[in-house]
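Below, each chain spelled out in residue letters.
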Amino acid sequence: MRKLLTKEFLTRNETLVAIVIIGFCIVASIADANFLSIPTLTDLMRGGIVLGIFAVAAMVVLISGGIDVSFTAVGVFAMYTTTLFLITYAPNLPWYLAFLIAMTIGAILGAINGVLIAGFGLPTLIVTLGTLSIYRGFLLTFVGSRLISNLPPEMRSFSRLMVVRGTNSDGSFYSLPWAFAALVLVVVLTWFILHKTMLGRAIFAIGGSVESARRIGINVRGIQFFIYVYVGILSGLAGIIHASMSRVANPFDLVGLELSVIAAVVLGGARLIGGVGTLTGTLLGVSLIILVRNSLIVVGIPSTWQSVAIGSLILLGTGLPAWQAKRAAARAA
Amino acid sequence: MSRTTPKSNVLAAPEVRLAVIAVGVFVLMAALSPERFLSMQNMTSMAFQFPEFAILALAMTVTMLTGGIDLSVVGVSNLSAVVAATILTRFVDPGLTGAGMYLWLGIAAAASLVVGMIAGFVNGIAVAIFGLPPILATLGSGLVFTGFAVALTDGSAVMGFPVGVAWLGNEKLLGIPVPLYLFAILALLISFLLTRTSFGFKIRMFGANPLAAQFAALDINKLLIKVYVLSGGLSAMAGMLIMSRANSAKADYGSSYLLLAVLIAVLGGVNPYGGYGKIIGVVLAVLSMQFLSSGLNMLQVSNFARELIWGLLLIVVMIINTRNSFRIRRAKRTVLKT
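Heads up: the sequence lines are chains U and W, in that order. First residue of the first sequence? That's 1 in my numbering, and the numbers climb one at a time after it. First residue of the second sequence? That's 1 in my numbering, and the numbers climb one at a time after it.
Because the hints were derived from the structure by calculation, they are not lab data. These figures come from a predicted structure and were not determined experimentally. Some hints here could point you the wrong way.
[Stated by the list, open to error] Think about it this way: if two alpha-carbon atoms lie no more than 27 Å apart in a straight line, the pair counts; the simulated DSS-like pairs of lysine-lysine are: (1) W:Lys202 with U:Lys326; (2) U:Lys326 with W:Lys278; (3) W:Lys202 with W:Lys226; (4) U:Lys326 with W:Lys226; (5) W:Lys222 with W:Lys278; (6) W:Lys222 with W:Lys202; (7) W:Lys226 with W:Lys278; (8) W:Lys172 with W:Lys222.
Input sequences plus hints: build the corresponding full structure.
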């Protein structure tokens, strides 16, 4: 139906988001002289770590033509289970091993999604809606529903590793944790997979048309399975980073974030019908969502209007290209 | 993806399977705690509980029949409830009774219904005219509607209504809870609309094959807008029911109902790709869910475990449904070969 989604529209969507971000920053810096400063930037970057990793994961699924809403539940499951395991059995385990455990748990949960979607051929939205409540329900029923506030020392010390740290003229602190490197790594790895490997081409091909992909000899089921496992691993990573940075493992956290994450990815130009999506767009989308969340008040909009703003952005950001595509299709017909 | 089932195999129809599940769950729960599950008190409390999310499931069903989805149902129902609640608290003295009260109740109900239908109209325009995928359109608009409700109330609950408000959600008529009447009437109405009118026929036709519907010269834009307006109106009614039962309105009531509404529709045999679905299936799914939920409640299973079981149920039913359609397709293929 919307096969006329050429590169032009794609770039337009990304530039649109970039323009909105720049416009937002200009208005904000006029309203508040302190807005354009290093602390705002580090706040943005720190806020973008967990959201950004989730968004990259969600983007890969969208490119393949599916949708995953269970990744937050995977993240919180991996995070809480790992923390509980560390506290009870191995409090002094190095942080990278803790991360490995969380990512393994994420991979297992992702594999369950993968089996249901690739193996049974069920619709992705329905499956992940189901597993969202299964993972969360299982976590809260059988693993625990109590907040863990005394994190293992290794996880705490991970969150204290800073790239830069400083004090402003007005005495407030700013810092950028090393955890940001995780986002960079994830972005680079995903870029490599998507654009430098056959696997990546296959993911785009499936998103473009499952049937064509099958006919040129792509192992559709295998690729789909890989995608959901990969998403699980990234979600586990995002979860454990979230816990160590907020210095508390809360089993009620993260779930509820999934729609904002998908919104960020879609704002960045990824298409629900699959086959289209860029990392640049995704990161721009994440930045915009975080800016709106953190700084709406700076441009004079009360924070009670936050979800109206985000919702309108989604409608505009996705409506404009969809409408253009529809008109172009009508003209071509 | 057509799901035509051969008439000879009765069990292949999802509705029949669902009826078996509903009865099975009922018998199981009755066997596990007979004196409490089968009590009159439990029956009435169940009949008070399910209509609100069942109406949301009806709204979800009509959009799913077109191959779409409405993720804004909870947002719409809260916004319309908040509008009604604001009218009732700003302009009406809580002590008001008699004709004056009924007049204001009527105004508030009408306003909330209109708000719901406008919200549905916005969704319809976004999907039909602008060509947004329904998931995105209703995801975005749902945030906007919830946001308006938050902005109207500053995020707190609105309460202090005249006494008449509580009637809809808490009273009984001839021994049967009022919400049950509302749900029964709406279910019959929608069922009639879907099976006995050209509107319903067009909905299923479009859902089964949008391209064919377009070539059959259906006014698709008008059809889709009508469907989303209907969904918005139903959501508004669910909103009023929730408001009446809670005797207050808040922007974030019933947030778990969204998943539940999708779940019930899919469980009820509605094909999420569009084209197939029966209201009787949705009703049976609602009953199964409520029996399960009340029964688990009596066995003192936590809310979280209930969430787990709902999710499992959804996946298992989906697996069974697609397995069946696979088998039929394979059977057809072998028939063609021979």
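Hints, one by one, checked against the model:
no. : hint                   : verdict
1   : W:Lys202 with U:Lys326 : 22 Å, holds
2   : U:Lys326 with W:Lys278 : 32 Å, violated
3   : W:Lys202 with W:Lys226 : 11 Å, holds
4   : U:Lys326 with W:Lys226 : 20 Å, holds
5   : W:Lys222 with W:Lys278 : 23 Å, holds
6   : W:Lys222 with W:Lys202 : 11 Å, holds
7   : W:Lys226 with W:Lys278 : 19 Å, holds
8   : W:Lys172 with W:Lys222 : 39 Å, violated
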